[in-house]
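Chains C and F supply the protein sequences, listed in that same order.
Heads up: the first sequence begins at 1 in UniProt numbering, then just goes up one per residue.
Heads up: the second sequence begins at 1 in UniProt numbering, then just goes up one per residue.
Keep in mind the hints are simulated off the structure, nothing from the lab.
Be a bit skeptical, because a hint or two may be false.
Said to hold, decoys possible - Calculated lysine to any residue pairs in the SDA-like style (CA-CA distance at most 25 Å, straight line):
#1 Lys16/F - Ile287/C
#2 Lys195/F - Ile287/C
#3 Lys197/F - Ile287/C
Claimed, not checked - Covered stretches of chain F, going by a simulated chain C footprint (3 or more residues, C-beta under 8 Å):
#4 115-121
#5 149-159
Stated by the list, open to error - Some chain C residues flagged as far from chain F (calculated, every beta-carbon gap over 10 Å):
#6 Glu20
#7 Glu21
#8 Ala24
#9 Arg31
#10 Pro51
#11 Ala61
#12 Gly62
#13 Leu63
#14 Lys120
#15 Val147
#16 Val292
#17 Leu333
#18 Ala352
Where a beta carbon is used, it is the ideal one built from N, C-alpha and C, also for glycine.
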Amino acid sequence: MSLAEQALPSGRPPSPFYTEEHEAFRSTVRRFVEREIMPHVDQWDEAEEFPRELFRKASAAGLMQLGFPEAYGGVPTDPFFGIVKAEEMARHGSGGLNASLNSHTIGSPPIAALGPEWMKRKVLPEVLAGEKISALAITEPSGGSDVANLRTTARREGDHYVVNGSKMFITSGMRADYYTVAVRTGGPGAGGVSLLLIERDREGFARSKLKKMGWWASDTAQLFFDNVRVPVENLIGEENRGFIGIMLNFNSERLGMSAGACGYAKVCLDEAIAYARERHTFGKPLIANQVVRHRLVDMAMRINAVKSTLELLAYRVGQGEKPVAEICMLKNLATSTMEFCANEAMQIFGGAGYLRGAKVERIYRETKVMSIGGGSTEIMKDLAARQMGL
Amino acid sequence: MKVLVAVKRVIDYNVKIRVKADNTGVETANVKMSMNPFDEIAVEEAIRMKEKGAATEVIAFSAGPAQCQETIRTALAMGADRGVLVQTDAELQPLAVAKLLKAVVDKEQPGLVIVGKQAIDDDSNQTGQMLAALLGWSVGTFANKLNVADGSVEVKREVDGGLENIKIKMPAVITTDLRLNEPRYASLPNIMKAKKKPIETLAPDALGVDVAPRLKTLKVEEPPKRKAGIKVKTVAELVEKLRNEAGVI
Numbered sequence: 001m002s003l004a005e006q007a008l009p010s011g012r013p014p015s016p017f018y019t020e021e022h023e024a025f026r027s028t029v030r031r032f033v034e035r036e037i038m039p040h041v042d043q044w045d046e047a048e049e050f051p052r053e054l055f056r057k058a059s060a061a062g063l064m065q066l067g068f069p070e071a072y073g074g075v076p077t078d079p080f081f082g083i084v085k086a087e088e089m090a091r092h093g094s095g096g097l098n099a100s101l102n103s104h105t106i107g108s109p110p111i112a113a114l115g116p117e118w119m120k121r122k123v124l125p126e127v128l129a130g131e132k133i134s135a136l137a138i139t140e141p142s143g144g145s146d147v148a149n150l151r152t153t154a155r156r157e158g159d160h161y162v163v164n165g166s167k168m169f170i171t172s173g174m175r176a177d178y179y180t181v182a183v184r185t186g187g188p189g190a191g192g193v194s195l196l197l198i199e200r201d202r203e204g205f206a207r208s209k210l211k212k213m214g215w216w217a218s219d220t221a222q223l224f225f226d227n228v229r230v231p232v233e234n235l236i237g238e239e240n241r242g243f244i245g246i247m248l249n250f251n252s253e254r255l256g257m258s259a260g261a262c263g264y265a266k267v268c269l270d271e272a273i274a275y276a277r278e279r280h281t282f283g284k285p286l287i288a289n290q291v292v293r294h295r296l297v298d299m300a301m302r303i304n305a306v307k308s309t310l311e312l313l314a315y316r317v318g319q320g321e322k323p324v325a326e327i328c329m330l331k332n333l334a335t336s337t338m339e340f341c342a343n344e345a346m347q348i349f350g351g352a353g354y355l356r357g358a359k360v361e362r363i364y365r366e367t368k369v370m371s372i373g374g375g376s377t378e379i380m381k382d383l384a385a386r387q388m389g390l
Numbered sequence: 001m002k003v004l005v006a007v008k009r010v011i012d013y014n015v016k017i018r019v020k021a022d023n024t025g026v027e028t029a030n031v032k033m034s035m036n037p038f039d040e041i042a043v044e045e046a047i048r049m050k051e052k053g054a055a056t057e058v059i060a061f062s063a064g065p066a067q068c069q070e071t072i073r074t075a076l077a078m079g080a081d082r083g084v085l086v087q088t089d090a091e092l093q094p095l096a097v098a099k100l101l102k103a104v105v106d107k108e109q110p111g112l113v114i115v116g117k118q119a120i121d122d123d124s125n126q127t128g129q130m131l132a133a134l135l136g137w138s139v140g141t142f143a144n145k146l147n148v149a150d151g152s153v154e155v156k157r158e159v160d161g162g163l164e165n166i167k168i169k170m171p172a173v174i175t176t177d178l179r180l181n182e183p184r185y186a187s188l189p190n191i192m193k194a195k196k197k198p199i200e201t202l203a204p205d206a207l208g209v210d211v212a213p214r215l216k217t218l219k220v221e222e223p224p225k226r227k228a229g230i231k232v233k234t235v236a237e238l239v240e241k242l243r244n245e246a247g248v249i
């Protein structure tokens, strides 16, 4: 069967990257979003939370298991399943919901990659089934990307660590059951950092909710550890070797954020086109104005550029490569495209876009978290420059 | 007991249908195709029977071009065990599909055949009934609820006046209505597993079935565009317009 014929049934243009299984998964995610999320998403965003039940429902549809080992309840996939999921999940336009529902995609990979066997057997199946929530806690009030200088300490006392310190901007921070926490077990610098699994009910562990510009549906929190005793067996990987575990996450996190940003940008474009067709001013539809059509083309052009780069890099990652510099640049390209498209869409919507309830309004408020979280634009450039030997 | 379900590849329900420029049919090139929603309900019901232990195997049948494999694959991803595709590029009308289904039923000997009551493309609502007639089996159409017990099926049917309860002997043909169940998602693990499930491909000739159309389509046209509404000032004016212009009272 030729490539074009293969692409016909789903009505999508031919692509070397997507198979029948990707398209079947796309249908599942699309239906899940339409049935389980769309009818409630505005209400959930205003209420600043969504039902825990959604984790279980997402798992039943196979949205939680992507890329985790089969032995622990996962489904090994290529990166394109992740792109399909991010694109389709963007359609409801609530980044907060997506961030929180997927907090395990940053919280649990270190466990899968480096955790001891008992931990993989206990934690991963529960998390991938949507029964328990997993979160990652690296950033602190004193700094985020400067992981090597984190201040939360874990002092060894017999067969326990005693943890003291605080973590900031933690997605799913309020209601997670398992926290993958970066702590200092050794001397200064990257060589003194370890990863610990800390359960929510440990004594001396407290959390407080943060009010935010966007991502309202996410229960982002600050965490406090006051002499929290954690068994030594909760160590993820080797002592003082946690920095590697943290770095392992970054490529996939940034690829995922880029796919998300591309998805939200596309929602802005689709919403803007629909609105420009419907809205009449001075006796004609908005879209009849050349200036509006040009804005839409500029949005589409940038989205195409992001999508092309994203798919090529996903292919390379799928082949086992680690194109760090390119992924850093992709994240900047994707998040700046999302900012551009959200801004253009808001301008086309005019007053209607300034009202709550419009997807573009929400996405506009959620642009900054994308270009700051997961490594800010500036950090991405520094990292890319270093990788390029500049 | 084996259960055979028929799944038809149709234009996705979200797609805006366009009539071909030469008025011979509707445009299907570069259009998203999916499983007929009534057939999804049939698949779901069969899978539930298997989960409850009332069925041992669920076979998904489709007839049409090679791409119907994808529709069967969706049924496999929902939980059907294997597929049978009767592959042909010929135009298939309900009688031809019923004959193909009969040939496969003769071969597979299922205890139940579950099909959608109609497909959302041609809305024929004929295949299930024709199949039952060809087989000489009982038929329960427009099923709202099914209960299989002791060689018979209790069918709650959706009829014009409400619901009707009948009990029919097996083997039987069932056609599904919308409220029979809510079909599940094809979950990611099952999508991956479906890749490995077998699909047997047959040809109409090999089954000894003549699929030549018996009906001829003369012309396909867009429905007339809806005219803009008007406001009336009084009830009397409304009644007058309904009677003399709309002709509905």
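Going down the list of hints, with the structure as the test:
Annotation: proposed proximity of Lys16/F to Ile287/C holds, straight-line Cα distance about 21 Å (limit 25 Å). For the hint linking Lys195/F to Ile287/C, the alpha-carbon distance of about 45 Å lies beyond 25 Å, and the restraint is violated. For the hint linking Lys197/F to Ile287/C, the alpha-carbon distance of about 49 Å lies beyond 25 Å, and the restraint is violated. Chain C is given as covering the segment 115-121 of chain F, and this is violated because 0 residues of the stretch bring a CB closer than 8 Å to a CB of that chain, at least three being needed.
Note: the segment 149-159 of chain F has 0 residues with beta-carbon separation from chain C under 8 Å; the three-residue rule is not met and the coverage is violated. Non-interface call for Glu20/C relative to chain F: violated, since the shortest CB-CB distance, roughly 6 Å, does not exceed 10 Å. At roughly 5 Å, the least C-beta separation between Glu21/C and chain F is not larger than 10 Å, which violates its mark as non-interface. A beta-carbon of chain F comes within 10 Å of the beta-carbon of Ala24/C; the shortest separation is about 5 Å.
For Arg31/C, the requirement that its beta carbon stay farther than 10 Å from each beta carbon of chain F is not met, with the minimum near 6 Å. Every Cβ of chain F is farther than 10 Å from the Cβ of Pro51/C; the closest lies at roughly 18 Å, confirming the non-interface assignment. With 10 Å as the threshold on Cβ separation, the claim that Ala61/C sits away from chain F is violated: the shortest Cβ distance comes to roughly 4 Å. A beta-carbon of chain F comes within 10 Å of the beta-carbon of Gly62/C; the shortest separation is about 3 Å.
Its beta-carbon lying about 7 Å from the closest one in chain F, Leu63/C breaks the requirement of being farther than 10 Å from that chain. No beta-carbon of chain F is positioned within 10 Å of the beta-carbon of Lys120/C; the least distance is around 18 Å. The non-interface label for Val147/C is consistent with chain F: the shortest C-beta to C-beta separation is roughly 32 Å, beyond 10 Å. Remark: the non-interface label on Val292/C is consistent with the geometry, its nearest Cβ contact in chain F lying 23 Å away (cut-off 10 Å).
With a least beta-carbon separation of about 28 Å from chain F, Leu333/C lies farther than 10 Å from that chain, consistent with its non-interface assignment. With a closest Cβ-Cβ approach of about 24 Å to chain F, Ala352/C is found to remain outside the 10 Å limit, as its non-interface label requires.
Consistency with the previously given hints fails for numbers 2, 3, 4, 5, 6, 7, 8, 9, 11, 12 and 13, ordered from lowest to highest.
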